[in-house]
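Chains A and B, in that order, give the protein sequences. Residue numbers 4 to 132, in the numbering used here, belong to the letters of the first sequence in order. Residue numbers 37 to 172, in the numbering used here, belong to the letters of the second sequence in order.
Incorrect hints may have been included.
Where chain A lies over chain B, by a calculated footprint (3+ residues, C-beta under 8 Å) [unchecked claim]: (1) 52-59; (2) 157-163.
In silico EDC-like links for lysine to aspartate or glutamate, alpha-carbon gap of 16 Å or less [said to hold, decoys possible]: (3) A:Lys7 <-> B:Asp164; (4) B:Lys126 <-> B:Asp146; (5) A:Lys7 <-> B:Asp161; (6) B:Lys172 <-> A:Glu127; (7) A:Lys6 <-> A:Asp105; (8) A:Lys74 <-> A:Glu21; (9) A:Lys74 <-> A:Asp24; (10) B:Lys126 <-> B:Asp164; (11) A:Lys7 <-> A:Glu125; (12) A:Lys6 <-> B:Asp161; (13) A:Lys6 <-> B:Asp164.
Computed list of chain A residues with no C-beta within reach of chain B, every gap over 10 Å [unchecked claim]: (14) Thr70; (15) Ile102; (16) Ser115.
Since the hints were made in silico from the structure, they are not lab data. Yeah, the Cβ is synthetic: ideal placement off N, Cα and C, and Gly gets one too.
This is what each chain is made of:
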Amino acid sequence: MAKKSLNIVESAYRAVIEEQDDTILWLVAAMQAAGGNHSVVLRGNAVNYALAGQGAPALTVGEWQQTQAPKMDRDVADLADNRNVAVYVVEEDLGERGIAVDQLVPNVRLVSRRALPQLFAEHEVICHW
Amino acid sequence: MAKRTLTIALMDAPYESANLTTAFRILDVAARRGHDINVFAYEGAAALAFARQAAHPNPVHGKNLAEENHPTTKDQVAALLAEAARNGGKVDWVNCGMCVDERGVGEFVDGTRRGSPADFQAFVDASDNTLVIPTK
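The shape of chain A in the complex, shown without the other chains (with noise of 0.2 Å):
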């Protein structure tokens, strides 16, 4: 039985462009196709990767252009619709930062930062990434 675990991700588009994801995101993915149990909490500055319609452009250098630039709201839907991963929003981070929740991709869940410790007590597993 797998553990019930917690990724709390903090730092935000951190290689992004290189890596044509985020890579904790990416790594929660792949841990719940190996029979992981994950949810995830989007505090700080990657609250913003639940912002619905966003786009970073595709790094062209000379006649070499990027073909699968990131989207970070897309791969927060896919954990949240398909992948059956919980994805938390801290309500507070949102706000400091003007981020209105009808902007957000649908099916991810407020939290507030008073909230977080019952959270924690639900899960087995915390990792603060």
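Following the hints, complete the assembly by docking chain B onto the known chain A.
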């Protein structure tokens, strides 16, 4: 002290961050105490066990190769495995395969292996505790 199984996930590349120094200090103590250790070397950390790392002299220090005795993380990994074995513990050091391929660091020191996030999942499920030391 009861024998424990500990998992540590590392992400920093060699020679970039003091995070790895801290990690090796923790790993060293765990090995000295005979605990079983799992390491998932992710992203830049996949180069920690790269076998072709080479020490170098340091002309700024005025020291030749032998005098400088420059540390390499591959030697630290090998020393960790040896220390664990001396104390009845074992180390399962997994280098993330995709990370290895991206960086061309597919030659590992003996005793470490190529793996995937599925290994990390298995480590977490089988361990008494897990510590991630992420890149920030």
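Cross-check of the supplied hints:
1. Here's how the segment 52-59 of chain B fares: 0 of its residues keep a CB closer than 8 Å to some CB of chain A, so the rule of at least three is not met and the hint is violated.
2. Remark: the segment 157-163 of chain B is confirmed as covered by chain A, as 4 of its residues place a Cβ nearer than 8 Å to a Cβ of that chain, reaching the required three.
3. Proximity of Lys7 (chain A) to Asp164 (chain B) is assessed by CA-CA distance (about 14 Å); at most 16 Å being required, the pair is judged to hold.
4. Distance restraint check for Lys126 (chain B) and Asp146 (chain B): the Cα-Cα separation of roughly 13 Å lies within the 16 Å cut-off, and the hinted pair is therefore satisfied.
5. Under the criterion of a C-alpha separation no larger than 16 Å, the hint pairing Lys7 (chain A) with Asp161 (chain B) is consistent with the structure, at around 9 Å.
6. With a CA separation close to 24 Å, the supplied pair Lys172 (chain B) and Glu127 (chain A) exceeds the 16 Å bound.
7. Taken as a hint, the Lys6 (chain A) and Asp105 (chain A) pair is broken in the structure, with Cα atoms around 33 Å apart against an allowance of 16 Å.
8. Distance hint between Lys74 (chain A) and Glu21 (chain A) is fulfilled; the C-alpha atoms sit about 13 Å from each other, no more than 16 Å.
9. Taken as a hint, the Lys74 (chain A) and Asp24 (chain A) pair is honoured in the structure, with Cα atoms around 7 Å apart against an allowance of 16 Å.
10. A hinted pair counts as satisfied when its Cα atoms are at most 16 Å apart, and Lys126 (chain B) with Asp164 (chain B) qualifies at roughly 15 Å.
11. Between Lys7 (chain A) and Glu125 (chain A) the CA atoms are separated by roughly 8 Å; this keeps the pair inside 16 Å, and the hint holds.
12. The straight-line distance between the Cα atoms of Lys6 (chain A) and Asp161 (chain B) is roughly 6 Å, inside the 16 Å bound, and the hint therefore holds.
13. Between Lys6 (chain A) and Asp164 (chain B) the CA atoms are separated by roughly 11 Å; this keeps the pair inside 16 Å, and the hint holds.
14. Even its closest Cβ contact with chain B, about 17 Å, leaves Thr70 (chain A) beyond 10 Å, as expected for a residue assigned away from the interface.
15. Consistency note on Ile102 (chain A): stated as away from chain B, and its beta-carbon is indeed over 10 Å from all of that chain's, at 22 Å minimum.
16. Its beta-carbon lying about 24 Å from the closest one in chain B, Ser115 (chain A) satisfies the requirement of being farther than 10 Å from that chain.
Of the numbered hints given earlier, the model fails hints 1, 6 and 7; all others are met.
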